[in-house]
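Number of protein chains: 2
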Amino acid sequence: MSESVFPGLSLGVQELRASEIRELLKLIARPEIISFAGGIPDPAIFPLEAIGASYQRVLADPAQAKEAFQYSISEGYVPLREWIAGYLKTHGIETGIERILITSGAQQAIDFLGRALINPGDSVVVTSPSYLGAIQVFNTYQPKFLSVPMDNEGVLLDQLEAAFKQKPKFFYLTPDFCNPAGITTSLARREAILELAHQYGVAILEDSPYEELRYENQRIPSFAALEQRYLAGPDSDGRRLVVYIGSLSKVLTPALRIGWINADPSLINKLVLLKQASDLHCSTINQMVACDIAKASHAGQVQKLRKAYKERRDVMLEALERCLPKEVSFTRPDGGMFIWLEFPEGIDGAELLAEAVKDTHVAFVPGSAFYATDAKRNTARLSFSLGEPARIREGIERLAALLQNKLRSNRAA
Amino acid sequence: MSESVFPGLSLGVQELRASEIRELLKLIARPEIISFAGGIPDPAIFPLEAIGASYQRVLADPAQAKEAFQYSISEGYVPLREWIAGYLKTHGIETGIERILITSGAQQAIDFLGRALINPGDSVVVTSPSYLGAIQVFNTYQPKFLSVPMDNEGVLLDQLEAAFKQKPKFFYLTPDFCNPAGITTSLARREAILELAHQYGVAILEDSPYEELRYENQRIPSFAALEQRYLAGPDSDGRRLVVYIGSLSKVLTPALRIGWINADPSLINKLVLLKQASDLHCSTINQMVACDIAKASHAGQVQKLRKAYKERRDVMLEALERCLPKEVSFTRPDGGMFIWLEFPEGIDGAELLAEAVKDTHVAFVPGSAFYATDAKRNTARLSFSLGEPARIREGIERLAALLQNKLRSNRAA
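Protein sequence lines correspond, in order, to chains A and B.
In terms of full-length UniProt numbering, the first sequence opens at residue 1 and continues consecutively.
In terms of full-length UniProt numbering, the second sequence opens at residue 1 and continues consecutively.
In short, the hints are calculated from the structure, not lab data.
Please note: incorrect hints may appear among the correct ones.
Which copy is meant is left open, because identical chains are indistinguishable; a pair holds if it fits in one copy or across any two.
Claimed, not checked - Cut-off 27 Å, straight-line C-alpha distance, at most; resulting in silico cross-link-like pairs (DSS-like, lysine-lysine): (1) 358 to 310; (2) 304 to 66; (3) 66 to 295; (4) 89 to 307; (5) 304 to 89; (6) 307 to 66; (7) 66 to 310.
Predicted model only: the values in this text are computed from it and were never measured.
Chain A on its own, in the form it takes in the complex (with noise of 0.2 Å):
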């Protein structure tokens, strides 16, 4: 039965299809290939002395070391959703700990609230492109995509109403920096957005992975902190529609899994009991050491990732001017990781990746897989948070020269 398929998958589980890309990426961690492919976070930088000394905190009392070991609520570890209602009150949003759970990762926060709001049919919109972990996810429950395309302020307004007026359950987006194309919404657009939430009713989640990578221009308010302007104004409708989806994955470190949730108590509530149903709770030694080390290192980290990750986006951008064929286009991101190239009609992003890695060892992530419908195959993703300056100069010089000659080829025949 090895090779066969298990009797009575679910229609949802059915579609889960291993992506290409991963397998592919699986071969290429070989040491010759400067990967762009990435987008994790740059282990040279994680705070292992605080969460060291974190360890040893918790482990040396032995009243919480009991503690921390045991079973915990499904809400989550109250002093750290303390911290982050406090961190998320710097932020301009006002909220307390009944309105946050905790969940593994902001991955888990995706499908939580996919699996709270999807039946099977419904429409949600999602930006084109879109983080690809969210439309793996949404799809396991079947929902019928509406995807809104992008200029560099985010999603077209015209286009997003359209999709609104086929009453979709939510609109899903990363307005910082955003995974994969490096776009962020304007403070107008914002606006605009959120004033056509309130108007059709339609929930936006709000993923915020990237928030504090920003390495110029000033911090944008989060649609959770414009929206709570709108409700303390006059034209209010008293609806909570902003679902803030937070994470200590790209700041601190992703491998004790802590994400969260925050939203409406009404919505919460339901989640704290899908929490519950699905995992019980998150590893309760983990949320008390992201406690501590969001308390000692959250701010210091913040400023040690914007400066080495700042040099490598400066980096990649003036080699990208510098070297790439005038009819690749990209994208400037003000923060996060990631860049986007968007290439001529007929190059396709997948088979350049076979030809980069083979001739040149250069790696990235082809553009198709981050989209929902419709996908533009002439699209590649490019990710600057990993490798020293040099070596991702190095990278994008070779891939400017496949392109080059590519192109040239293209002209000849």
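Given the coordinates of chain A, work out where chain B should sit on it, guided by the hints.
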């Protein structure tokens, strides 16, 4: 909106209700209460020294520390899966890492199996009574539950066959010292169930969190081990229908949230994709520490726990035997954490709990929540895993006195 319901909840999540019992149990965490409600491991027996040593070891090696706090693969940490494969081999289950997925505790394993196998309206078979956490999470996938009653050797075969004729997706059970009833499925019954499963093509979800906590009599081979013998025999139909769910929570510590599924690779491959979509992977550091302490302490912990819990079980059984009115029946588990009471008709477990907490400062879990259908309200679950023997004895004496009074006044009425 705080008091209302978030708009547009999915049908599965709408059904989630806060358990009245859990709410009640929150109120009885007072020190004067002797509680048999918990069902959690005794934290005094956690292997805290081994845990501390493992964190130190990982953090002392910079390369390993970086790996420990980075993203990792969805299948789970390879050395941990290797340890599990070796462990299962000692219990007669030949397997390999390609058949094992690490999950966030056994609870997530149960959730994933429900998600992978249930379409709304599908039938699923459970024992009557059954593990509350399985009933709750399966319910979010909207199945039709078929409950099969048990005698002291496990489910009744004629009723199981009648249920299997309705083409259910699976039969979920805890073969050893089941939660809540403390019943162990006998070898003869296991063999007959396995034969029926293959005859009707029904998957068996074998949940084995308590398997090691055996205080008397010989270990009975798991369904997975029995199926392996069957598959090697001349009458094999070649299908691997048994899915084995394991956990480190009861032997080592629940707070690392480490469970696993051992199943046919055709199912594991899909479950790995589901893990990736759902929460990417289990905490990397937790998997490393779990692997260390499993190697260092699993066998020793089993011995310690057997000694401690056996004494508590014996004390509880002795007190029940000595004090309980003859009209009240109770199970005599060979292991695990639970004893099941059945009162005469007319005594409601939930009402009794309210009186027991108020009048005699004793708590337990009323039994009705453990039924997927046709709840028997005249039942209760007692756990003996926590508490000093003298306190267990005292609690049972108080509960028995309350029951004596109640039955006397019922007879008088």
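One pair to classify: residue 307 and residue 66, alpha carbons no more than 27 Å apart. Within, between, both, or neither? between (39 Å within a copy, 20 Å between copies)
Homomeric proximity label, residue 358 with residue 310: Cα distance no greater than 27 Å: neither (29 Å within a copy, 63 Å between copies)
With 27 Å as the alpha-carbon cut-off, assign the pair residue 66 and residue 310 to within, between, both or neither. Classified as between; 22 Å across copies, 42 Å inside a copy.
Between copies, within a copy, both or neither: which fits residue 304 and residue 66 at Cα up to 27 Å? between (34 Å within a copy, 17 Å between copies)
Checking residue 66 and residue 295: alpha-carbon separation at most 27 Å within a copy, between copies, both or neither? For residue 66 and residue 295, both the intra-copy (22 Å) and inter-copy (21 Å) Cα distances are at most 27 Å.
My question is about residue 304 and residue 89: at a cut-off of 27 Å on alpha-carbon distance, are they close within one copy, between copies, both, or neither? within (22 Å within a copy, 48 Å between copies)
Can you tell me if residue 89 and residue 307 fall within 27 Å by alpha carbon in one copy, between copies, both or neither? within (25 Å within a copy, 51 Å between copies)
The structure fails to meet hint 1 from the earlier list, while all remaining hints are met.
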